[in-house]
Structure formats: structure tokens, C-alpha cells
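Generate the whole structure from the sequences, applying the supplied hints.
Chains as they are written, first to last, in my numbering: chain U, 104 to 551; chain L, 9 to 295.
Don't read these hints as lab results, they were simulated from the structure.
Please note that the accuracy of each hint is not assured.
According to the in silico footprint, chain U covers these stretches of chain L (three or more CB under 8 Å from chain U) [to be verified]: (1) 13-23; (2) 28-35; (3) 101-109; (4) 174-188.
Cβ pair distances, simulated, as ranges [stated by the list, open to error]: (5) U/R157 x L/V275: 28 to 34 Å; (6) L/L172 x U/K221: 38 to 44 Å; (7) L/A12 x U/Q449: 52 to 58 Å; (8) L/V275 x U/W123: 18 to 24 Å; (9) U/R235 x L/T258: 38 to 44 Å; (10) L/W127 x U/A395: 37 to 43 Å.
Calculated cross-link-like contacts (lysine-lysine; reagent style DSS-like; alpha-carbon spacing at most 27 Å) [as the list claims (entries may be wrong)]: (11) U/K119 x L/K264; (12) U/K259 x L/K204; (13) U/K529 x L/K179; (14) L/K204 x U/K529; (15) U/K119 x L/K105; (16) L/K196 x U/K213; (17) L/K105 x U/K529; (18) U/K529 x L/K196; (19) U/K217 x L/K204.
Glycine is no exception: its CB is placed at the ideal position from the N, C-alpha and C atoms.
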Amino acid sequence: MTKEQNQVWRFFASVKLALWVISLLAATSIVGTIIPQGKQPQFYIQEYGADLTRLFQVLGITEMYGSWWFITLLIIFSANLIICSIDRLPNAWRMVRLDNLDTTPERLQKMPLKAEMKVAADVPAAAEKISRLLAAGGWKAARRDQKDGVLLFAQKGAWSRLGAYMVHISILTIFAGALFGAVFGFKASIFFPEGETVGHVFERGTARPIPLNFELHVENFEIVYYPNGMVREYRSDLIITDPEMPEPWRTSIRVNHPLKHRGLTFYQSSYEPMSEFMINVRNNETGRERYALVPPSRQVSWGEEDVTFGVMNTMTDRMGRVHEFQIWFADSSEAEPSVFNMQDKQTVTVQRPDNNYSFYIQQRYATGLQVAKDPGVLIVYLGFALMCLGLYITFMITHRRLWVRLTPDDRGQTRLLLCGGSNRNKAAFDQRFSELAERLRQNQAIKQ
Amino acid sequence: MESAQLLNLTTFGYMASSMLYVAILIFGTKNRTLGLTATLVTMGALLLSTMGILLRWYEAFQLGFGYYAPFSNMYESLVFFAWCIALTYLVLEYLYKNQTLGAFVMPFAFLAQAFAEYWPQWNQDLRPLLPALQSNWLIAHVIASFVGYAAFAIAFGMAVMYLLKARNIEKSGRPEGTSFFAALPGLKVIDEVIYKVIFFGFVWFTVGGLIFGAIWANSAWGTYWSWDPKETWSLITWFVYAATLHVRYTRGWTGKKIAWLAVLGFVSTVFTYYGVNFLLSGLHSYG
Numbered sequence: 104m105t106k107e108q109n110q111v112w113r114f115f116a117s118v119k120l121a122l123w124v125i126s127l128l129a130a131t132s133i134v135g136t137i138i139p140q141g142k143q144p145q146f147y148i149q150e151y152g153a154d155l156t157r158l159f160q161v162l163g164i165t166e167m168y169g170s171w172w173f174i175t176l177l178i179i180f181s182a183n184l185i186i187c188s189i190d191r192l193p194n195a196w197r198m199v200r201l202d203n204l205d206t207t208p209e210r211l212q213k214m215p216l217k218a219e220m221k222v223a224a225d226v227p228a229a230a231e232k233i234s235r236l237l238a239a240g241g242w243k244a245a246r247r248d249q250k251d252g253v254l255l256f257a258q259k260g261a262w263s264r265l266g267a268y269m270v271h272i273s274i275l276t277i278f279a280g281a282l283f284g285a286v287f288g289f290k291a292s293i294f295f296p297e298g299e300t301v302g303h304v305f306e307r308g309t310a311r312p313i314p315l316n317f318e319l320h321v322e323n324f325e326i327v328y329y330p331n332g333m334v335r336e337y338r339s340d341l342i343i344t345d346p347e348m349p350e351p352w353r354t355s356i357r358v359n360h361p362l363k364h365r366g367l368t369f370y371q372s373s374y375e376p377m378s379e380f381m382i383n384v385r386n387n388e389t390g391r392e393r394y395a396l397v398p399p400s401r402q403v404s405w406g407e408e409d410v411t412f413g414v415m416n417t418m419t420d421r422m423g424r425v426h427e428f429q430i431w432f433a434d435s436s437e438a439e440p441s442v443f444n445m446q447d448k449q450t451v452t453v454q455r456p457d458n459n460y461s462f463y464i465q466q467r468y469a470t471g472l473q474v475a476k477d478p479g480v481l482i483v484y485l486g487f488a489l490m491c492l493g494l495y496i497t498f499m500i501t502h503r504r505l506w507v508r509l510t511p512d513d514r515g516q517t518r519l520l521l522c523g524g525s526n527r528n529k530a531a532f533d534q535r536f537s538e539l540a541e542r543l544r545q546n547q548a549i550k551q
Numbered sequence: 009m010e011s012a013q014l015l016n017l018t019t020f021g022y023m024a025s026s027m028l029y030v031a032i033l034i035f036g037t038k039n040r041t042l043g044l045t046a047t048l049v050t051m052g053a054l055l056l057s058t059m060g061i062l063l064r065w066y067e068a069f070q071l072g073f074g075y076y077a078p079f080s081n082m083y084e085s086l087v088f089f090a091w092c093i094a095l096t097y098l099v100l101e102y103l104y105k106n107q108t109l110g111a112f113v114m115p116f117a118f119l120a121q122a123f124a125e126y127w128p129q130w131n132q133d134l135r136p137l138l139p140a141l142q143s144n145w146l147i148a149h150v151i152a153s154f155v156g157y158a159a160f161a162i163a164f165g166m167a168v169m170y171l172l173k174a175r176n177i178e179k180s181g182r183p184e185g186t187s188f189f190a191a192l193p194g195l196k197v198i199d200e201v202i203y204k205v206i207f208f209g210f211v212w213f214t215v216g217g218l219i220f221g222a223i224w225a226n227s228a229w230g231t232y233w234s235w236d237p238k239e240t241w242s243l244i245t246w247f248v249y250a251a252t253l254h255v256r257y258t259r260g261w262t263g264k265k266i267a268w269l270a271v272l273g274f275v276s277t278v279f280t281y282y283g284v285n286f287l288l289s290g291l292h293s294y295g
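Take a look at the structure:
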């Protein structure tokens, strides 16, 4: 690598760049939480004036999280993560694979934790015994004979050195999943009234129709209430007719309970009361009946029976739900038209001089569904899992190392030097180390 | 007994606990009775709060709400925030065998609880869950996020402790400072604890706040990330603490710099938790 290339590499591998990019991402992200995103131009002109609006548009602030400069920051962030990992991973790997037996007595003397003791045996027997005592505590010791003695080494959690890189890779995995989803997926929505069937949805932003290859029929939209009047549930009851399925599939969608079908996910997202009401009138003597979709304040004539009816007035709550209808009903008789109040989804009997009628009324709703196809979600979730695992390893597991150097003393016994260190949680390891040394001194097996 | 009474009593418990820990600072840690009383009062307050939260849950069940969890609005979340602070504090006190931290931590539990109980804006009525909140992720997401928030609050309290002690040392010229500052743990110890508590909070916040939140958003709103203000501010907070951990680990920052970052992180946390809901508009308007 030339020196220049090397400098570029160093730049992208540096923690300094990471800190700058993280700070910039954090600082600029604030803007988009203060200035509402993705509104119509008129909104910004009204709120901030024409000049600021122009500035917003130039800088892409009205949709800043997708703007060229924010995406550039994210790309630099990714490049930084990738290059920093490539740059440092080999070192971390070397730490994991390090031949810790290849060390010198001087280096051992410089270790942060040390304990010295005597073992009443010659060096080979002492090495044997100490290995056994350590092994009882899960410290499997490797051994190397040196010219003046024996060196034992045991470690735990060496691979925890890789935890931080796992977190970095998990971020890249999440980005990859998001990108994959953005390229191969789409977000769409569909808004249709009860009783209707659709075979396509509309892409968000472009409103381009996307065919579904199956049909979606909304039988019923239901708002279920708690006794205190709060909404308990929004539910669309659907029938899916798919040429690949033997029979139509009745199912429903609720908030938090989306529907998955053929790689698409449907979410209950909105509803709207329709301006027409569904009315059913039945002559209880003749059994003849008639369905009608009736807008408010409009008369409907039923020629066969010579009946005319209509909705004179409605009382709605703030969510547009009608809780009372005022109905007007007349027939061929001389009697005054009947005017009465009734509630939604109720049947009343209308007594007329010659006949009596059953009268049913129901408010109609349109349901709004969000539709997402996101084949990247699984990759994103894999990234989440990696991140949890990486954080757990980084946070919970410490790389702890122990060396035991055994040298003969002048009376045919063995001098033992125990050294150790850990890469974090040093206080806890100090404690553990002195317990360990004490047990070795008393010739006891190490506890797990 | 109703949950409302228990939770109201909890406020006084946290207040007494805060005052006792301040008294420990003033009169010194030698007085064993005072120390024991402070710990017992804190445990008592935590127990009251636990019973209050559980009873509230039970009351919701009795009212026939169906699926419910007592973390569904600002009032309940503040009570739970205070609960997390008190519990985390007691664990720290046990681990570090040091009661001087209490004066810098328990007042936050008291403030959060008092804010919950006495701020006129909150509706304390027990109300059933909106459709968007009826999910098993509610419990996992809220509990893990709030353990994170509580850790960040504690790191902030300790950062304040660090900065005050450091200033006192500079002014007095004594190695451990004067008056009660001398009774506080050494600067190195406080620094170490700030780092550990931030790391602990970071793990919970990442997993509970961001990851569980994203998974839940994907099943409720149809997208795991939509740059909603709450999401964006969580990410900003996450960046602040991620940067803190990196400067600490790779550039060896310690002491005042880390303490100031803990302060900055907590400002961002408070905005994520509270500011977003009242100053900005978005989907995440429950608490």
C-alpha cells in the first residue's frame, strides 16, 4: 500500500472519525424531530415563511432522514465500521489465539497480579498437581517445559475480545437488512369501504397500484369499546380469495395483530365513517325487503311498497361514530309520516295504519390498511440478535488469564509464581485471584 | 387499601430516604443506626411501591380491562422509573458497601415519584389499554427501557458527585477534599462506577428501548423504524452513550470528561423520556 492509500485507510479506520460521525448524526438528527417531516410545501410556508422553506428544500430538511447528506453520513458511518473492523479484527483475533506460553520471566514479573509460594514436590510433580487443581475450577492449563522449569497457562473468556466487533457487525447487518428491504420491498396502503373487494394496493408516495394476485374483501369493520367508552379494539374482518388456496379464507386484522399473506403484511391503520348508511326495510306482512345505501337528508323511495324514508339527522361523537339516528318514514296511507330516533345496528318496528315494517340501520365504515413487503426484516432481526449477543459478551464476559511458573529451588522443591490479569472488571478479578492463590497455597482444588 | 394510597405513601418513603442519605453525608458514615435506618426506609419505600404497582395491576384486572400492564401512561411510567432507580440504587449500595451515593441518587427517585403524584397534568385514573398498547412487548419494552433510564439517572447523580468532589479538591488543595466530600468515595472509584453504570444502562437501553421497541413497532405500525421523534431521540441518546463508551475505552478518557458526558447523556435521556412527549408530536404519545 502506498503512503497515501494508507492515510485514507487510517482515516476511515480511526475512532476519531467514528466519534465525529456519531456526534454529527446525533446533532443533525435533532433537526428532524423539531421540524415536522414529510409535510406539504404549504405547511412549511405557513409555519416558517417562504425563505426558510426554500432553505429547507435545498437542504432536504423536509425529509431529512432520506436526504443526500444524511445518507452520506450513514455511508461514512458504515465505511468507518467496516474498515475499522477489518483493521482491528486481526489484532483482536491474535489476542484470542495468542500463544501465551511464549513469554519471558521478566514479562511475568510485570503482570498486575502476582503471588509466590512453595510447593513440596519436584517441578514435574508440582506441574501435574497444579494443573489438576486448576482444572477443577475450569482453568484448563496448557504446559510448556522451559530450560529452567515449567510454565502453565490457563485462560477464560478469550473470545470475549470479539464481542465489540460483533456489535459493530450487527449494526452493519441491520443496515444491510434495511437496504435490502428498501430495494426489494415496498410500503403501500389501501382504503376501502365495508362490503368491497380489492385486488391491488397503492404504493406509498407514488400511489402506483400494486397488484396483489389475490382478492381482499372487507366484510365488516368493527370498533369495540370498553364500558367507559374508550376504544378496546379496531378490527377488520376480511375474506381472502386466493387462486392458490382451495377456499376463501376468513380472517381478521387488529392493531398489534397484523395479517401475513404471501410475503405481505397487512396492518390495521385507520378507518373512516362513510357518508352513507346501510338501511334494510322489510314489510313484516308481505316479507318483501329492500336494502339501500342512504346519505343523510336524502329521501329514498321504495316503489314496490310505495314507501319513502330517509335519515333526517344524526348525532355523532368526536370520532365520527353515530350514536343516534333520526329517521323519517312515510307510506301511501293518509297518516302523518313517522319520525323516530334509533341507534346504530338496531332494528325497530315501524307501525303504520296498513302495515308494519322492520327498519334496520347501520353506519358504514371504510377501513385503512397499511401494507408492507419487507424481505429485509429477517436480516434486521438477525442484526438485533447479533447485537444482543455482542453486548452480552462485551458486558458480561471478561478475558481472564493465569500463568503459573514453576522453577526448582535448591532443596529439590518447587518455587511457584502465579500471575494473572483481566481486561475488565479488574476489582472482581483481583478478589478472585487472591482466593485462587490462597487455595493453591493450601493445596486445595479451585472452585468453579 | 387502594393502590393510589400505597403509591402516595411511597412518595413520602422516598422523601424520607433521600433526607436520611443527605443526613448521612452531613453527619458522616460512622453512625451505624442512621445508615441502617436509611437502607431500611429505602427498602420499605420500594416495597410499598412494588405493592402499589402490583395492586394497581390487580385492580385493572378486577375492572375487567383484559390485557393490562401498569406502564401505560406518563403517571405509571414515572412511578416505575422511581421504582427502578430505588432498586438499582439498593443493588449498588449492596455491591459497593457505600451509602454516600444515596444522597446523589435517591432524590431522583423522590423527584420522579413526586412528579408522578403531584403534577396536575397526569391523569392518574386507571384506564384500559389503547389498542396500540395491547401487546406482550409492552412489558418487555418498558421494563428494559426503564432499567436503562434508571442507570443513566444514577450515572448522572454520580457524575454530579464526581464534579463537586473534584472542584472541592481543586479549591481546598487536599487530596480527598474537605468536610463531607472527604467521606465520598475516591474520584477513581466514582469514575469507575459511572463507567460501569453507563455500560449497564447502555445494554438495557439498547436491547429494551431500541431493539424491543423496533420489533414492537414492526408489529403495531408496520415498520421497525420510522424516524418518529421518540425513536430518533432514543437513537440520539444511544449515540451519546456509545460515544462515551468509545472515548473511554479507546481514548482513555476518564474523570471530568466522562462525568460531563454522563450529564449530557442524561439530558438527552430526559428529553427522550419526557421532552419528546410534551414538546414534539409523534406516534409514541403514551409515556
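Each hint tested on the structure:
no.	hint	result
1	13-23	violated (count 0)
2	28-35	violated (count 0)
3	101-109	violated (count 0)
4	174-188	violated (count 0)
5	U/R157 x L/V275: 28 to 34 Å	holds, 33 Å
6	L/L172 x U/K221: 38 to 44 Å	violated, 50 Å
7	L/A12 x U/Q449: 52 to 58 Å	violated, 39 Å
8	L/V275 x U/W123: 18 to 24 Å	holds, 21 Å
9	U/R235 x L/T258: 38 to 44 Å	holds, 40 Å
10	L/W127 x U/A395: 37 to 43 Å	violated, 53 Å
11	U/K119 x L/K264	holds, 20 Å
12	U/K259 x L/K204	holds, 21 Å
13	U/K529 x L/K179	violated, 31 Å
14	L/K204 x U/K529	holds, 12 Å
15	U/K119 x L/K105	violated, 38 Å
16	L/K196 x U/K213	holds, 22 Å
17	L/K105 x U/K529	holds, 17 Å
18	U/K529 x L/K196	holds, 13 Å
19	U/K217 x L/K204	holds, 26 Å
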